[in-house]
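Novice: Okay, here's what each chain looks like letter by letter:
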Amino acid sequence: MLNFIDTVGEAVAGIKDGSTVMIGGFGNAGQPFELIDALMDCGAKDLTVVNNNAGQGDQGLALLIKEGRVRKMICSFPRQSDSWHFDAKFHAGEIELELVPQGNLAERIRAAGAGIGGFFTPTGYGTTLAEGKETRLLDGKWQVFETPIHADVALIKALKADGKGNLVYRKTARNFGPIMAAAAKHTIVQVSEIVPTGSLDPENVVTPGIYVNSVVRVGGTSREQVA
Amino acid sequence: MLNFIDTVGEAVAGIKDGSTVMIGGFGNAGQPFELIDALMDCGAKDLTVVNNNAGQGDQGLALLIKEGRVRKMICSFPRQSDSWHFDAKFHAGEIELELVPQGNLAERIRAAGAGIGGFFTPTGYGTTLAEGKETRLLDGKWQVFETPIHADVALIKALKADGKGNLVYRKTARNFGPIMAAAAKHTIVQVSEIVPTGSLDPENVVTPGIYVNSVVRVGGTSREQVA
Amino acid sequence: MSTQTSIQTSEKPLGRDELAQRVARDIAPGSFVNLGIGQPTLVSNYLTEEQNITLHTENGMLGMGPAAVGEEIDGDLINAGKIPVTELPGASYFHHADSFAIMRGGHLDICVLGAFQVSATGDLANWHTGAPDAIPAVGGAMDLATGAKDVFVMMTLLTREGVSKLVEQCTYPLTGVGCVTRVYTDKAVFLTGPDGVTVRETFGCTFDEIQELVPLSLKKA
Amino acid sequence: MSTQTSIQTSEKPLGRDELAQRVARDIAPGSFVNLGIGQPTLVSNYLTEEQNITLHTENGMLGMGPAAVGEEIDGDLINAGKIPVTELPGASYFHHADSFAIMRGGHLDICVLGAFQVSATGDLANWHTGAPDAIPAVGGAMDLATGAKDVFVMMTLLTREGVSKLVEQCTYPLTGVGCVTRVYTDKAVFLTGPDGVTVRETFGCTFDEIQELVPLSLKKA
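One line per chain: the protein sequences are A, B, C and D, in this order.
In terms of the numbering used here, the first sequence opens at residue 1 and continues consecutively.
In terms of the numbering used here, the second sequence opens at residue 1001 and continues consecutively.
In terms of the numbering used here, the third sequence opens at residue 2001 and continues consecutively.
In terms of the numbering used here, the fourth sequence opens at residue 3001 and continues consecutively.
For the record, the hints were derived by calculation from the structure and aren't laboratory data.
The hints are all genuine.
Once the Cα atoms are required to be at most 30 Å apart in a straight line, the calculated DSSO-like pairs of lysine-lysine come out as:
| no. | chain 1 | residue 1 | chain 2 | residue 2 |
| --- | --- | --- | --- | --- |
| 1 | A | Lys72 | B | Lys1141 |
| 2 | B | Lys1160 | A | Lys160 |
| 3 | C | Lys2165 | C | Lys2012 |
| 4 | C | Lys2149 | B | Lys1141 |
| 5 | A | Lys185 | A | Lys16 |
As the structure is a prediction and not an experimental result, all values here were calculated from the model.
Construct all of the structure, not just a fragment, from the sequences and the given hints.
Specialist: See below:
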């Protein structure tokens, strides 16, 4: 069921302690900063967060990690020049890390949305990231069994939504948005603009409204920065 | 390597006997009739054809089947009111049929393009179409192991190509085109129009040119008919 | 068991259109729905604008409109039954893997399918008669049966020979296991699930008359 | 083995930019290429228009242009290293699963990666030092290493301590097994594969001098 919501606070109000939350974005592009800030304010804790990175600088996900609200990160690239809050928590043993090759992260999220119970991929075979996992020789290549990553909630950012919740994105800010929208039970989207139903060309819709539950328009200046 | 080719005949000239050929289209929508006619003319035989259906009426794939050029069909819905050529060959024991649930057909084609060696899906569990296949309980559901469908060649139809081979489609004629383009070693596309590079909006490209090898413009009246 | 007719909601068995209307009425507002080929397609005629239902067609579209007529007919815009249809505002197109991801990923609220047989535990048989000379054709039936949150079946309760299609165990080849949640027939609506089969309402007959026709033990709603 | 210098193609070891130029020259016209973060990115400076190379960035784009400057800078248009870039005519955007399908499905002709070590059989180690206190971060390295048709490595032949990074067996944690096809270093270009390591050319030293530095048996091209 689709709802248009006035504030980011109301949009995230239902997120419970212990939830698995997917957060879109690759670096700052496509990262839903305002929704993450609202998640911070709403107080939910003991979260498992799925994001490509583990926060940068002193904002967004980094702040959520700093405040001890994230129990576990599932990501491909936690270590960055400005990922000091994650680094500190990790070295203190206060956050769990499931490190996933980026393509496995994407494919496992996609699998959750597409109803796939698991798949074999050559990525990671023979590496420490495949230790303990089932392997099989398929198509002449050794492959590793990987399982879907489901989530309770996805927080993503898109450019526009129409009245049916159909979404379009902007340039490389698209990244994880479409697959996370499909993988989560409840998808919350912040958009720059809400447009009338019928004004998006049906050929160009990237995320059909069936994957969207809550839409909130975030006005004002974008907080996006160049990493 | 991308080539723009003048005639459908030249476009299909390299297809060898014994090839696996994917043919786009669902019913007549998106079916590359001119390329199929050219495949007919080029004489390649002993083909394995992957298509949702097994030909309709007296044209295209139906004709290729009638002429005994197809050794095996991989499809989801061979039986239609006007699939008499397939019906005759099948009853005569002159064509092999691998019947695949349509979603498995799509997902197996997608898997081939995405480098997935196999996957588990609930579709088909407990049915005769899963007989002899590995099953596993995943996410609380019994699932069946399915493998990718690779092809030597894909014949598909799109609306427009630009100079880089980027494609856009039209309405429900999109269907299998994008996933077949990615699954085949060599993808041949017939388009209604070739447009200058830079004239397709990068946000709206459906099949990136990396998946396209040969583009041929098919002018004149569309032979599309209402099924 | 009582013979009182409190669950009888119609004086007569329902015709195909009345049944379609009944199914349409039971679809929750805002639902995403796939209507199977054949009889289920009739349901679309009875969906109201207030219901705000979005129709999915497996060949790559959400927001499918009514059948196309006259100038609207476009060979590139067809439904799963290969019938020309129209596009509603807010529609979207996608390729086949994305379309079936919608079905298989559990995103459709309801699909409505025809059936040869439905079993006491919700097994569905609707794709193949099992006749040795029949050419099998499955299409998207197994994906819909397995993937939709609710699977509604529409069928006559009895075959032309008067045999119940609601059965203890299917004798026709299965489409899906334990997937059907409701069965809409001309004579009654049944709820199926792990706890057995419940009669929700009857049309032109009593619960006991339905029980006489169906070779499995029914419960009353 | 001879000490003749017929495969010595430069008087001096190559600098980073000269090496990038050498890699660029070896990329076949029309190729689809992914350049890894760091040193490999330099290769893009030496690709010519005639080569018609299409660059892929794993965060969702084909047809990536040069780094953005001034007014071009757009936070929504970045590369895998999170540096603002530009868009060339004929570019396309796609989501992460589609982007990695390009990499993992074997559609990229070449990826160019940095490395800590490459083994005699083409094993690659480039993501993790293995130090117990290091925070591991893998990004798309394993997908590129495993998925591209050809994996070119760019690195200095020796560590700062003078130890060869081309080794019999990697001691650093692996990124991929038997995936590297060529190794471009400041002192030589090596071809790796199931048949062992071949020196294709040397820069500022002889084959025998290279053989002295590298702890495995080399073949001459």
